[in-house]
Amino acid sequence: MGGKVTCTLGEVKNRADFIVYWGGNPAECHPRHFTKYTLMQKSKFLPRGRKDRTVVMVDIRETKSVKAADIFLQVRPGKDFELMTILRAMVKDQEVSDEQIAETGLTREQLTDLIARMKGARFGVMFFGMGLSMTRGKHMNSAALLTLAAEMNAFTKFVAMPMRGHGNVTGADVIMRWQTGYPFGISFNRGYPRYNPGEFSTVDVLVRGDTDCAFIIGADPGATMPQPAIDHLAKIPTIVLDPHVTHTSRLARVHITTAPAGIAAPGTGYRMDEIPMPLRPALESPYPSDEEVVRRIKEAIAAKPDWMGQQPQMLLSQI
Amino acid sequence: MLRIIGGTVYDPANGINGQVKDLFIDGGKLVASAAEGRTIDATGMVIFPGGVDVHTHVAGGSINFARAMTPEDHRRTQAFIRSQTRRSGIGGMAPTTFATGYLYAGMGWTTVNEAAVPVLSARHTHEELADIPIVDKSCLVLMANNEIMLDLLEEGEYERAKQIVAWHIWAAKAYGVKAVNPGGVAAWKWGKNASQLTDPIEGYATLTPGSIVTHLARIVAELGIPHPLHLHCNNLGVPGNISTTLETVKHLDGARAHLAHLQYHAYGGDDWDTMKSEAAQLADYFNSHPNLTTDAGAVLFGDTVTISADGPWQHLLYKLTGRKWGNLDVENETGCGIVPYTYRPSNLVNAVQWATGLELLLLIDDPWRVFLSTDHPNGACFWRYPEIIQLLMSADFRKECMAPLPTAIKNRITLPEIDREYTLYEIATIISAGPARALGLHHKGNLGEGMDADIVIYNREDDIARMFGHPRYVIKGGEIVIEEGDIRETPDGREYLVKPFYEPDTEEFLRPRFEDRYCMSFENYPVEMERIERSQIQACASPDSSDSPQ
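In order, the protein sequence lines correspond to chains H and B.
Per my numbering: the first sequence = residues 1 to 319.
Per my numbering: the second sequence = residues 1 to 550.
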């Protein structure tokens, strides 16, 4: 297992005649997604648009998105990994017992029909949301789905894509990767990047009380993180850059109001398929952009005397 | 101002072969004399023009995908520690941007050409290029699977197709055109490939890979782009693909082209069991066709990660290895695949590949037309170039390296019969002067007066790999960036672009076709000029290029 078989959203628009959403609710969470990229678009290859596409929704409950689907598969909560593993087996004509299938809350007929449709598609895509990636099994669920999509390429064209959100989280992920090699959960405390989600992720660092200062841009952890992490943020000097008053800015020692990106500050936003979009401000703001604030802080720090002392330039190999 | 005195200079662009010569630098350029400034006593040392990499993958969506897929390598490899002037980073199979600049400059390379950029994510590529310090950069835009252009070629609208190519080069802020597996990547969008040059491509009635090659090569020539069509042939890596490669170059109709990573296109045999090197046959053909240049795409044994716009090939590699597989299809334009890979001397196929790369470098007799590359990171990482230089300069060392190869390798390669050893002059040609000329960067790879002062000074050592891996000084644009193995300065490099002429109505023609296929506003598609840091536009040969719109 490993890797990701994916495409840009325009490929889905142009070619996908078979679309699965798993643990995601785009009708409410990505309201422009169906109309701009997937269900409603017509293309050279799918001239009748929605009529040329089959849409499957896999979820534990009947969300608003289910209304848009042709087929709804209600999986028993916490059984996504089992269901994907069964599908991976059945796709390859391996035997699966009735009891194993019954555990997932679905029937053999439903799964056989699903697999026949998957194999019969010209271009299949599987979108997955936090209902898959943030529930029991977490990254193992994502890996199972990505593997299922990769293995489907033995039969027909298939891709998978996470339904990402939260502003420009993809942009942060992309830039951290080119500068450090890692997407998130990075520690610089040895002078070079190290990665260990669960140890260096923000929430873990805060809960352990491992940080004595916090600098927060474009996020509101005070609204979403566990209480011990929030308590620690309140205890240490926390600096927030945000256009708005937020839960985090209320507990911060310093709140610098900045211009909202894309509305009053220019920049680049990375779409969930990692395509960079230019942000052109429509309004003027009396406030500086996040970029300007960070640049001025950096210049002020660079003007201070050398505090690092002599260090080796590099390590030939890490321990 | 800077003076370098007493060094033994190898400057193939000016025919200088190991003469003791003083060099003077002022304002970032080489000059006739300099009255003052620091003096470097280079007596007994070897002086080359800075290295130029004609084909590498260092920035953009695909290498960044590879970084995400290989955290296990980042954790074990070389790490760069931050200082007040240097950024931290990671080396290894897919180095981070800052580390990429330090590693290239650290072995004396001062110009790199990123070989594969989709327009759709070109904004990202340029942001990464801006984060690669020290070296100068350029990039090539992927065109051979652009469906808007393919449709026009199918319709016989050659002139329109030419305008579209020119528009896309400028939209991507690129320096030239790259063709990858013409038609094959477009077919991959349906899970297919294009393996026969004269068969119609999936989804087209008459258009063939061969005709894409013919037309694109002609378009690039007519637009006057300084670098000819940069061509990754069909059937990369496939046993018996020598026939495809030879057929492809015939489709050029005599036009100039640069054949990328030729090693991967020089195989005989019918399957993996019978695969053998056909480097000798290919080199023969190549030697008699001066319209061609190439880079070796050499393979070295060890771990790496393969990255290619050739989606179908990467799917095959995933099936062969069972390792991680990344794939990213880009709407209308191209695709990309990523699979980590380990080349093993005990593996017969890998052993043949290793020998094939070296054979091409040794059997193509004009060093001005064959250049050092590993198709980083595909054949090996760029920071291993010094090992290849050692293999080229020492037949004894090659013999030593051949000893552990499987006995079945006999009769599959010709490397054991080749005695040629590269001279320093020839090495300077294949790593600097030659690729600079092929790229049309005439102020690079040249130590003549008025040229860019990109200079490498080596201690003369018996250990060739060490000598080329650890230059004594590296000078970039007249600044000493490496001294005694330490990074001293990290200036920002330039980015080279071209602005070919296209008819003013091209945009209006393109807009509806764009809106049919893409899912963003047409206005958001081209990369804005102000996003390119330290850009430098190079002239196209076309007489019309001066009154280009925008």
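Keep in mind the hints are simulated off the structure, nothing from the lab.
Computed from a predicted structure; not experimentally measured.
Among these hints, one or two may not hold up.
Below, in silico cross-link-like pairs of lysine to aspartate or glutamate (EDC-like), each with a Cα-Cα straight-line distance of 20 Å or less [as the list claims (entries may be wrong)]:
no., chain 1, residue 1, chain 2, residue 2
1, B, 324, H, 151
2, H, 42, B, 271
3, H, 79, H, 109
4, B, 192, H, 17
5, H, 44, B, 155
6, H, 42, B, 492
7, B, 399, B, 492
8, B, 250, B, 199
9, B, 319, B, 271
10, H, 119, H, 151
11, H, 44, B, 151
12, H, 36, B, 515
13, H, 298, B, 131
14, H, 44, B, 396
15, H, 51, H, 17
16, H, 119, H, 103
17, H, 44, B, 515
18, H, 36, B, 523
19, H, 51, H, 113
20, H, 44, B, 202
21, B, 319, H, 93
22, B, 319, B, 270
23, H, 36, B, 516
24, B, 319, H, 109
25, H, 298, B, 492
26, H, 42, B, 151
27, H, 64, H, 113
28, H, 42, B, 515
29, H, 51, B, 516
30, B, 192, H, 151
31, H, 44, B, 147
32, B, 250, B, 273
33, H, 44, B, 271
Now for the hints, and whether the structure bears them out:
1. Simply put, residue 324 (chain B) and residue 151 (chain H) have alpha-carbon atoms about 12 Å apart, close enough for the 20 Å limit, and the pair holds.
2. About 42 Å separates the Cα atoms of residue 42 (chain H) and residue 271 (chain B), which puts this hinted pair outside 20 Å; it is violated.
3. With a CA separation close to 18 Å, the supplied pair residue 79 (chain H) and residue 109 (chain H) stays within the 20 Å bound.
4. The suggested pairing of residue 192 (chain B) with residue 17 (chain H) holds, with an alpha-carbon distance near 17 Å, which does not exceed 20 Å.
5. A C-alpha spacing of about 16 Å is found between residue 44 (chain H) and residue 155 (chain B), which places the hinted pair at or below 20 Å, so the restraint holds.
6. A distance of roughly 45 Å separates the Cα atoms of residue 42 (chain H) and residue 492 (chain B); the hinted pair therefore is violated under the 20 Å criterion.
7. Between residue 399 (chain B) and residue 492 (chain B) the alpha-carbon distance is near 42 Å, which puts this suggested pair outside the 20 Å criterion.
8. In summary, the hint linking residue 250 (chain B) to residue 199 (chain B) is supported, as the alpha carbons are separated by about 16 Å, within the 20 Å threshold.
9. For the hint pairing residue 319 (chain B) with residue 271 (chain B), the CA-to-CA distance comes to about 15 Å; that is within 20 Å, so the pair holds.
10. Annotation: proposed proximity of residue 119 (chain H) to residue 151 (chain H) holds, straight-line Cα distance about 11 Å (limit 20 Å).
11. Proposed proximity of residue 44 (chain H) and residue 151 (chain B) is supported: the alpha carbons are some 12 Å apart, at most 20 Å.
12. Under the criterion of a C-alpha separation no larger than 20 Å, the hint pairing residue 36 (chain H) with residue 515 (chain B) is consistent with the structure, at around 12 Å.
13. Among the hinted pairs, residue 298 (chain H) with residue 131 (chain B) is consistent with the structure: their alpha-carbon atoms are about 17 Å apart, no more than 20 Å.
14. With a C-alpha separation of about 60 Å, the suggested pair residue 44 (chain H) and residue 396 (chain B) falls outside the 20 Å cut-off, and the hint is violated.
15. Distance restraint check for residue 51 (chain H) and residue 17 (chain H): the Cα-Cα separation of roughly 9 Å lies within the 20 Å cut-off, and the hinted pair is therefore satisfied.
16. Of the pairs offered as hints, the one joining residue 119 (chain H) and residue 103 (chain H) is violated, with about 24 Å between alpha carbons and a cut-off of 20 Å exceeded.
17. Proximity of residue 44 (chain H) to residue 515 (chain B) is assessed by CA-CA distance (about 12 Å); at most 20 Å being required, the pair is judged to hold.
18. Restraint check for residue 36 (chain H) and residue 523 (chain B): satisfied, since their Cα atoms lie roughly 17 Å apart, inside the 20 Å limit.
19. With a C-alpha separation of about 19 Å, the suggested pair residue 51 (chain H) and residue 113 (chain H) falls inside the 20 Å cut-off, and the hint holds.
20. Our distance criterion of 20 Å between C-alpha atoms is met by residue 44 (chain H) and residue 202 (chain B), whose separation comes to about 14 Å.
21. Distance restraint check for residue 319 (chain B) and residue 93 (chain H): the Cα-Cα separation of roughly 18 Å lies within the 20 Å cut-off, and the hinted pair is therefore satisfied.
22. With a CA separation close to 19 Å, the supplied pair residue 319 (chain B) and residue 270 (chain B) stays within the 20 Å bound.
23. For the suggested pair residue 36 (chain H) and residue 516 (chain B), the alpha carbons sit about 12 Å apart, so the restraint of at most 20 Å is met.
24. Under the criterion of a C-alpha separation no larger than 20 Å, the hint pairing residue 319 (chain B) with residue 109 (chain H) is inconsistent with the structure, at around 30 Å.
25. For the hint linking residue 298 (chain H) to residue 492 (chain B), the alpha-carbon distance of about 18 Å falls within 20 Å, and the restraint holds.
26. Distance hint between residue 42 (chain H) and residue 151 (chain B) is fulfilled; the C-alpha atoms sit about 19 Å from each other, no more than 20 Å.
27. For the given pair, residue 64 (chain H) sits about 24 Å from residue 113 (chain H) by alpha-carbon distance, which is inconsistent with the 20 Å threshold.
28. At most 20 Å may separate the alpha-carbon atoms for a hinted pair to count; residue 42 (chain H) and residue 515 (chain B) meet this at roughly 11 Å.
29. Between residue 51 (chain H) and residue 516 (chain B), the direct Cα distance comes to roughly 18 Å. Compliance with the 20 Å bound is thereby established for this hinted pair.
30. Between residue 192 (chain B) and residue 151 (chain H) the CA atoms are separated by roughly 16 Å; this keeps the pair inside 20 Å, and the hint holds.
31. Note on residue 44 (chain H) and residue 147 (chain B): the hinted pairing holds, with a Cα-Cα distance of about 11 Å set against a maximum of 20 Å.
32. Restraint check for residue 250 (chain B) and residue 273 (chain B): not satisfied, since their Cα atoms lie roughly 29 Å apart, outside the 20 Å limit.
33. Straight-line distance between C-alpha atoms of residue 44 (chain H) and residue 271 (chain B) comes to about 38 Å, which puts the hinted pair past the 20 Å bound.
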